[in-house]
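What follows is each chain in one-letter form.
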Amino acid sequence: MNVTTASAFPAHERARAKPAPFWNPYLAGFGLGLVLLAAYLVEGRGLGATGAYSSVAAWIANAISPEHAQSSAIHARYVASGSPLTAWLTWLLVGTFVGAAISGLVAGRFAISVEKGPRISDGQRLVLALVGGIVAGIGAKIARGCTSGQALTGASVLNAGSLVFMLAVFVAGYTVAWMARKEWL
Amino acid sequence: MFPLTYSMEFTQLTSLALAVVIGLGFGFFLERAGFGSARKLMAVFYLYDMAVVKVMFTAIVTTLVGIFLLSAAGELDFAMLYIEPTNYPAAIIGGLVFGAGFVIGGYCPGTSVAACATGRLDGFTFIAGIFIASYAYAEFFTGFDAWLASSAQPDVTLPGLTGIPMGWFVLAFIAFLGLAAWGMAAAERRFAWLRP
Numbered sequence: 001m002n003v004t005t006a007s008a009f010p011a012h013e014r015a016r017a018k019p020a021p022f023w024n025p026y027l028a029g030f031g032l033g034l035v036l037l038a039a040y041l042v043e044g045r046g047l048g049a050t051g052a053y054s055s056v057a058a059w060i061a062n063a064i065s066p067e068h069a070q071s072s073a074i075h076a077r078y079v080a081s082g083s084p085l086t087a088w089l090t091w092l093l094v095g096t097f098v099g100a101a102i103s104g105l106v107a108g109r110f111a112i113s114v115e116k117g118p119r120i121s122d123g124q125r126l127v128l129a130l131v132g133g134i135v136a137g138i139g140a141k142i143a144r145g146c147t148s149g150q151a152l153t154g155a156s157v158l159n160a161g162s163l164v165f166m167l168a169v170f171v172a173g174y175t176v177a178w179m180a181r182k183e184w185l
Numbered sequence: 001m002f003p004l005t006y007s008m009e010f011t012q013l014t015s016l017a018l019a020v021v022i023g024l025g026f027g028f029f030l031e032r033a034g035f036g037s038a039r040k041l042m043a044v045f046y047l048y049d050m051a052v053v054k055v056m057f058t059a060i061v062t063t064l065v066g067i068f069l070l071s072a073a074g075e076l077d078f079a080m081l082y083i084e085p086t087n088y089p090a091a092i093i094g095g096l097v098f099g100a101g102f103v104i105g106g107y108c109p110g111t112s113v114a115a116c117a118t119g120r121l122d123g124f125t126f127i128a129g130i131f132i133a134s135y136a137y138a139e140f141f142t143g144f145d146a147w148l149a150s151s152a153q154p155d156v157t158l159p160g161l162t163g164i165p166m167g168w169f170v171l172a173f174i175a176f177l178g179l180a181a182w183g184m185a186a187a188e189r190r191f192a193w194l195r196p
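Sequence lines, in order, name chains A and B.
All residue numbers for the first sequence refer to this note's numbering, where the first residue is 1 and numbers rise by one.
All residue numbers for the second sequence refer to this note's numbering, where the first residue is 1 and numbers rise by one.
It is worth saying that the hints were derived from the structure and are not from the lab.
Since the structure is predicted, the reported quantities are computational estimates derived from the model, not experimental observations.
Idealized CB from N, CA, C, for every residue including glycine.
Mixed in with the good hints there might be a few duds.
According to the in silico footprint, chain A covers these stretches of chain B (three or more CB under 8 Å from chain A) [unchecked claim]:
1. 47 to 61
2. 185 to 191
Pairwise CB distance ranges, derived in the manner of DEER restraints [said to hold, decoys possible]:
3. B:A175 to A:I64: 16 to 26 Å
4. B:E9 to A:A107: 51 to 61 Å
5. A:S65 to B:G74: 29 to 39 Å
6. A:Y174 to B:Y88: 15 to 25 Å
7. B:L179 to A:A63: 14 to 24 Å
8. A:G82 to B:L171: 18 to 28 Å
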């Protein structure tokens, strides 16, 4: 009798079963490439993760004070392009959330947890994630895109600016990684 | 003929439904690759797991080959694709700042969504950070943004810049991916001791 299959475990044992390993990176990359290709074939443009945030920020600014929102050219631009509820990038991000949740749940990788190295506390890590989010957010706004909207989307149509952006990201990444080694190693 | 949005009229609802469907695929493959985990993402900077570069390069080459072949076959009108204007100062300054934030925060804007979706609390605070930055940028950086925008140039691609046909770049990217795969495997063996 075979008792080692997952289905043979009682429910509480299964919940603690080891999460499935990640896919081979070349296979996952091929899948990601097909999704990006589909975005180009359907919509004529690639993916993007940062636009939705500006759209929501402008919507909030406009809800608080329309005069104030109009005083910023950036808020005004996003307000003019309509509610974030009708923005393509917002729904792309909603899909991203659901797609990742499905993948994580199926693979047993959903876990309320904090990702960090062993040498810092959860609290320190949460603050660093917030600070990093602010810094990366400013960088993405300056560059008009992030790893999705510039690096992936731009590089796959040989956009010169996107390739320069990607190079700059890795230069800064490897430099700061040395300083941040206590956070991750 | 592709892109579809130029040959057929999508209603707003169809367009947004397509965004969700494409997003589902995006999130699914990000999570499958391990990009919902900051430790997996950051491993690339300590060279013991190069998955980030492997996934990104493979995705770029896949899309590039697809776009090249479909354009060559006359099925896709490359001129109709949206190409983000190239802005070298913005790409360099923004890229350096972004790279620093990536390593401090452990995520980028897309991967933090995958992290949140799989219960990573640091993914939530990272997203809060991007939101604060997006708001602050619109409030305090309008002058800087306008100054940067003045150096943007439309449609700067490697074939346009060099006069070398796209096909040669496609071949070069494929060759580079092969070479990088070999180099990354060597790096991973060398730095395996850093693996947790």
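The hints, checked one at a time:
1. Residues of the stretch 47 to 61 of chain B lying with their CB closer than 8 Å to a CB of chain A number 10, which satisfies the three-residue condition for coverage.
2. Given a C-beta distance limit of less than 8 Å, the hint that chain A covers the stretch 185 to 191 of chain B is violated, as 0 residues qualify and 3 are needed.
3. A C-beta distance of roughly 53 Å is found between A175 of chain B and I64 of chain A, which places it outside the suggested range of 16 to 26 Å.
4. For the hinted restraint 51 to 61 Å between E9 of chain B and A107 of chain A, the CB-CB distance of approximately 39 Å leaves it violated.
5. Against the hinted window of 29 to 39 Å, the Cβ-Cβ separation of S65 of chain A and G74 of chain B comes to about 52 Å, which falls outside the hint.
6. A hinted range of 15 to 25 Å for the beta carbons of Y174 of chain A and Y88 of chain B is consistent with their spacing of about 21 Å.
7. Between L179 of chain B and A63 of chain A the CB atoms are about 52 Å apart, so this pair departs from the stated range of 14 to 24 Å.
8. Range check, G82 of chain A to L171 of chain B: Cβ separation about 42 Å, and the 18 to 28 Å hint is violated.
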